[in-house]
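Number of protein chains: 2
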Amino acid sequence: MDAAMTLADASGVRALSMRQIGDHLGVQAMSLYNYVSGKNALLSAMVDHVFGEIPLEVPNADWKTSLRATATGAHDLFLAHPWACELVLTPGSIDFPNARLRYMESILARLRQAGFSPLDASHGYHALDSHTLGYTLWELGHRIPPDTPEDFIEELFKQLDDDAHRYLLEHAKVHFEYPDDGTNDFAFGLDLILDGLDARLPR
Amino acid sequence: MDAAMTLADASGVRALSMRQIGDHLGVQAMSLYNYVSGKNALLSAMVDHVFGEIPLEVPNADWKTSLRATATGAHDLFLAHPWACELVLTPGSIDFPNARLRYMESILARLRQAGFSPLDASHGYHALDSHTLGYTLWELGHRIPPDTPEDFIEELFKQLDDDAHRYLLEHAKVHFEYPDDGTNDFAFGLDLILDGLDARLPR
DNA sequence: ACCTGAACACCGTTCAAGT
DNA sequence: ACCTGAACACCGTTCAAGT
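Protein chains in written order, with this note's numbering: chain G, 1 to 203; chain P, 1 to 203.
Source of the hints: derived by calculation from the structure; they are not laboratory data.
Hints are not guaranteed to be accurate.
Identical copies look the same in the list; a pair holds intra-copy or inter-copy alike.
Cross-link-like lysine-lysine pairs, in silico, DSSO-like; alpha carbons within 27 Å at most [to be verified]:
1. K39 x K64
2. K39 x K173
3. K173 x K158
4. K173 x K64
5. K158 x K39
6. K64 x K158
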């Protein structure tokens, strides 16, 4: 699994193949089936390993601070392992391994203990989790490829028309003026959700 | 492209192959390359077709109503074509075809015309788009498979421990008590974002 | 102009055979 | 107990050859 994670970090899940993992371990691909029941099981274990590293306990913090820490921690980890979000969100067959269940339970617990009703806690959980995974996946899919940044940007601007894409050009300018590794934009949406939830909390 | 979309709607993008499309058209897979430069170009065109159908103009509506209509319209379309979200968010190589650019421009324009600064409009755009695509993809990936619902649910519950997953069990109960096709949960997060933006609008 | 056969370089996975 | 060769049923794509 370590080998698979290293390879996936380096060249993406799409390029990850049993044969490649075998090569990296000096072994034929078929030998891997002695340790893992199939590629899906391997991918699932990789994802769960990442979930296991998300910070869930924040001592002496109110619910908002605590959930913000969990979400930003997850964001950081998913950026470090760019294949994880993709695998969680497009599984083909859903499964909820241990660490993921712990992660879900922890978010729900903190919402309930903050005073939300079961229904609002459910809604809140979905809003938070879909932002954490969804925003991060969006970000990962739209990163400028590091090999040829200038060519890429030039290509992109050639598509834009001054009249028809007035606000898009302005939007691009904002991105250049305030360069962001994604944390600011992620935090903006996150606070929108947390503050919105806060306003619905019965006093 | 029609053939490809029908097949993808029916059996998913993962199962979509050039050979299968060829079969469906009574032709060999290689013939398709007379009409399309490659599989990626085909997938990109399919996605853009979906973007083209998202409602962008809502007459006589304030910005919130208008953006809500666009987001829920997109949500509906992405549920009808379950491959679209996945393709947008995990492209491998980013591209912004025409209809997608129009969609982005339209959201940005409405935010700017509502009175948001360029920076807040950018933030708002990202929050909205990542919720629209991200929540929907989350939902699509976690739908209960229609073929074996009972088996699936039973399997899932067997994983849950009464003590360790107290709030998860409660969460599952909420889902049974308030069955939802996804629109309510989607709208909840959407309103969190729209209301949060509204509060930041200079008066 | 359009279609095809054959081929290339890949996949995940199985299974009998080796050590 | 672990590894392998050979095989199966797949991929996307190219290209020379056909009509």
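Okay, the hints, checked on the actual structure:
1. K39 x K64: Answer is neither; intra-copy 38 Å and inter-copy 45 Å both fail.
2. K39 x K173: neither (43 Å within a copy, 33 Å between copies)
3. K173 x K158: Close inside one copy (15 Å), not across copies (52 Å); limit 27 Å.
4. K173 x K64: between (32 Å within a copy, 25 Å between copies)
5. K158 x K39: between (41 Å within a copy, 24 Å between copies)
6. K64 x K158: neither (43 Å within a copy, 32 Å between copies)
Consistency note: the structure conflicts with the earlier hints numbered 1, 2 and 6.
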